[in-house]
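J.: Use the sequences and the hints to build the structure in full.
Read off the chains here:
Number of protein chains: 2
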Amino acid sequence: MISVDDALNMIAENTEVLEAERVDIVHCLNKVLAEDIYSNDNLPPFDKSAMDGYAIRSEDTNNLSGENIIGLEIIGVIKAGDYSKEELNTGQAFKIMTGAALPKGADGVIEIEKVKVKDNKVYISKEVSEGNNIIKLGEEIKKGDLALKKGKIIRPSEVGLLASLGYSSVKVYKSPKVALIITGDELVDIDSKLERGKIRNSNEYSLRALISNLEAEILSLGIVSDDKNTLKEKVNYALENADIVISSGGASVGDYDFIEEILKEIGADIKFNKVSIKPGKPVTFATYKEKLFFGLPGNPMSLITTFEELVKPAIEIMKGKVNLHAEEIEVILADDFKAKAGRRKYIYVELRKENGAYYAHNLGKQCSNHLMVMSKTNGLIIIPEERGTVKAGEVVRGKFMFR
Amino acid sequence: MISVDDALNMIAENTEVLEAERVDIVHCLNKVLAEDIYSNDNLPPFDKSAMDGYAIRSEDTNNLSGENIIGLEIIGVIKAGDYSKEELNTGQAFKIMTGAALPKGADGVIEIEKVKVKDNKVYISKEVSEGNNIIKLGEEIKKGDLALKKGKIIRPSEVGLLASLGYSSVKVYKSPKVALIITGDELVDIDSKLERGKIRNSNEYSLRALISNLEAEILSLGIVSDDKNTLKEKVNYALENADIVISSGGASVGDYDFIEEILKEIGADIKFNKVSIKPGKPVTFATYKEKLFFGLPGNPMSLITTFEELVKPAIEIMKGKVNLHAEEIEVILADDFKAKAGRRKYIYVELRKENGAYYAHNLGKQCSNHLMVMSKTNGLIIIPEERGTVKAGEVVRGKFMFR
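Chains as they are written, first to last, in the numbering used here: chain A, 10 to 412; chain B, 10 to 412.
Check before you lean on any hint, since a few could be wrong.
Claimed, not checked - Cross-link-like lysine-lysine pairs, in silico, BS3-like; alpha carbons within 25 Å at most: (1) A:347 / B:145; (2) B:130 / A:374; (3) A:330 / B:385; (4) B:202 / A:113; (5) A:183 / B:300; (6) A:287 / B:123; (7) B:300 / B:237; (8) B:374 / A:161; (9) B:130 / B:113; (10) B:290 / A:104.
Said to hold, decoys possible - Computed, partial: chain A to chain B, Cβ under 8 Å: (11) 113; (12) 167; (13) 199; (14) 209; (15) 211; (16) 217; (17) 222; (18) 231; (19) 371; (20) 373; (21) 376.
Said to hold, decoys possible - Derived Cβ-Cβ restraints for the label pairs, each shown as a range: (22) A:298 / B:77: 49 to 57 Å; (23) A:237 / B:77: 34 to 42 Å; (24) B:250 / A:158: 36 to 44 Å.
Keep in mind that the hints were calculated from the coordinates and are not lab data. Bear in mind that the values here come from a model prediction, so they are computed numbers and not experimental data. In this text, a Cβ means the ideal position worked out from N, Cα and C, and glycines have one as well.
T.: What follows is the structure, given as structure tokens:
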């Protein structure tokens, strides 16, 4: 049995970022940039007005004050999108709209709210400084400058930036395809009536949701019977057609748990088969060529916990992400939590913010078979391997769920 | 001009949750449940074993200790998914797999690791208590009990729970359709070369990403020229075919900003047209029948900020969400931040966690025209209306972006 940290290191060592592909920016959100992006233009590409107002020569307003005013002749209007070839001479002004290109000769803009207009003249009663309300050519970025670095996660503001730089598509890392193999002769489909001894297949649906939350692709092979030959065939098919294969169930020591035998027979390299995590423990991790295999426990809560802690980081690495860990916070225990020393324990709780601190409230017995308790939780606390029961008032590490 | 808080209240008062629709659970992730979900079964539907081991009668192990051992006859094996009709008598044991139904007569399971097996007998050397390693019928939930309440956000664990309860589809609130109208004669498409006076249409792409981040539907009408009749036609079409209409640009006081005129002409109810927010300010909010209209500023950074602060809450309300605000945190300023008293200021920063506290680092000049600075940020600080420049060491409110 290895520690959670050693397991994570081993997974990281054996996981490679996937190849890049060119994708339309409309479909790039939350993907990772696989190329440096340089600006092909100056942004803005011209000096422009930041306001609706009047473009003037600032020297015309030297020494103006409340009593000393000047009237400039309005020689035209420049709308956003237009461009005037006419040069502004002393004593003249252009009416100009926000975003419009500054005319030649002008070096300042005074806001529309600060002037009076009469008989085609604009009257100004205060000095306008050079550059006032002007956004200079190249102020945001200059032609040839690095705009976004390889490895950057593309958020809405980056999508907008790429559009403004003229990139309609960019190279991003592919998202992995994740195959699902659900084992267990006790499982029946959602719509089936429950006969004696049977339960419904919930793990496939939890996994589908967990994977689509990470925007990876799903290849579900559905429920596979606890028959070694059938299972072996499915494992082979999954490893050929996906980047990551997840099985649920079949990873403990029962007589009908064939996953480890099959992995050995096909020549996969089993890295570990037990992790010091609770809920969890019987987790198998193996590599086969450049593919990853995770054998997760069949208990619904163990499945979700081991997916979030061990499989999610592998998916994120393949997608090109570097900062893998959901942010951990300090949590004050509002109640006692019973636990046994041994494995690292992930206990699902209700996290409540009270007086600026996070408190963990106990939601009662946690059985790794149960999803009901998870539906009442919004986070978890992490009790270190060596610790047993923790008491109200103690401070531990914790985090919010599914972030 | 109204405050951000008043604007938010007015938006909330005028926004209704959308109608419900029945959706397959595979497509329910992050939607809000529009019905109470009751359990149609007991879960688990039978007493079952939590371990691979031997099902026994606990009374057979009374008073056992290291020296005093007992050998029970193994009368069969029960796999997960199977069900045995045979009753267990005193002196007998069933081998049983994790998840398998407990046979009649048995009231405890001892783990496989804790026994010795020889000649079809299992040897036990310690007392097994009643109920040991047994998950009782209905322990997770009982038939008829409320499992999930209307209003619950469906996360991966809820998807799994719904599957385990036999629900292949549930009623959830619809996601709004959001129409986009991008105005500005200065705008050209991404792939166009920049002529004098023109800039590229980035707002449409920022908005598409912001909206798809919220899993709402997009109806983009593209760039609409600054011509009143054309614009009016598009506004009418958008209000007929979407739940929310967003325009970008055309909301300030320029001669070619027709949005407010058009809203008045079609009989929309304009609730406000200026908000005390920076970047932002010229934001128009209007209702037309049960539809919402947001006129957002054309500056890229103002657009993203006003979308996140004002439009996102309306989308969330329509989707049935109650807890609308991204979690605000306390932030210590690592640098000074220049600001003017007046509007509530949202300044994009780099938030870094140092010694358990969040520090806000200044990333330099913020021009609401620029998206470049946003690409370097991961959060923002909020400077109250009445405050001007804030100094390093001060504590202010802040939050992470796009959460």
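J.: Now look at each hint and say whether the structure bears it out.
T.: Verification of the supplied hints:
Under the criterion of a C-alpha separation no larger than 25 Å, the hint pairing residue 347 of chain A with residue 145 of chain B is consistent with the structure, at around 21 Å. This hinted pair does not check out: residue 130 of chain B and residue 374 of chain A have alpha carbons roughly 35 Å apart, beyond 25 Å. A threshold of 25 Å between alpha carbons decides the hint, and for residue 330 of chain A with residue 385 of chain B the separation of about 16 Å falls inside it, so the pair holds. For the hint linking residue 202 of chain B to residue 113 of chain A, the alpha-carbon distance of about 22 Å falls within 25 Å, and the restraint holds.
Among the hinted pairs, residue 183 of chain A with residue 300 of chain B is inconsistent with the structure: their alpha-carbon atoms are about 39 Å apart, more than 25 Å. Proximity of residue 287 of chain A to residue 123 of chain B is assessed by CA-CA distance (about 20 Å); at most 25 Å being required, the pair is judged to hold. Proposed proximity of residue 300 of chain B and residue 237 of chain B is supported: the alpha carbons are some 21 Å apart, at most 25 Å. For the hint linking residue 374 of chain B to residue 161 of chain A, the alpha-carbon distance of about 22 Å falls within 25 Å, and the restraint holds.
With a C-alpha separation of about 19 Å, the suggested pair residue 130 of chain B and residue 113 of chain B falls inside the 25 Å cut-off, and the hint holds. Using a Cα cut-off of 25 Å, the hinted pair residue 290 of chain B and residue 104 of chain A holds, with the two alpha carbons roughly 22 Å apart. Interface restraint check: residue 113 of chain A against chain B, minimum CB-CB distance 11 Å, threshold 8 Å, status violated. For residue 167 of chain A, the interface hint holds, since its Cβ comes within 8 Å of a Cβ in chain B; the closest pair sits about 5 Å apart.
Among the interface hints, the one on residue 199 of chain A holds; its C-beta lies about 4 Å from the nearest C-beta in chain B, closer than the 8 Å criterion. At about 5 Å, the closest approach between the beta carbon of residue 209 of chain A and any beta carbon in chain B falls short of 8 Å, and the interface hint on this residue holds. A least Cβ separation of about 4 Å between residue 211 of chain A and chain B falls short of the 8 Å threshold, and the interface hint therefore holds. Because the smallest distance between the Cβ of residue 217 of chain A and any Cβ of chain B comes to about 6 Å, under 8 Å, the interface hint for this residue holds.
For the restraint placing residue 222 of chain A at the interface with chain B, the shortest Cβ-Cβ distance is roughly 6 Å, inside the 8 Å limit, so the hint holds. Hint on residue 231 of chain A is violated. Least Cβ distance to chain B is approximately 13 Å, over the 8 Å limit. Interface restraint check for residue 371 of chain A: the shortest CB-CB distance to chain B comes to about 18 Å, outside 8 Å, so the restraint is violated. With 8 Å as the threshold, the beta carbon of residue 373 of chain A stays out of range of chain B, its nearest partner Cβ sitting at about 12 Å, so the hint is violated.
Checking residue 376 of chain A against chain B by beta carbon gives a least distance of about 7 Å; that is within 8 Å, so the hint holds. A beta carbon spacing of about 54 Å between residue 298 of chain A and residue 77 of chain B agrees with the range 49 to 57 Å that was offered as a hint. Separation of residue 237 of chain A from residue 77 of chain B is about 40 Å and conforms to the stated range, judged on CB atoms against 34 to 42 Å. Roughly 40 Å separates the CB atoms of residue 250 of chain B and residue 158 of chain A, a value that falls within the hinted 36 to 44 Å.
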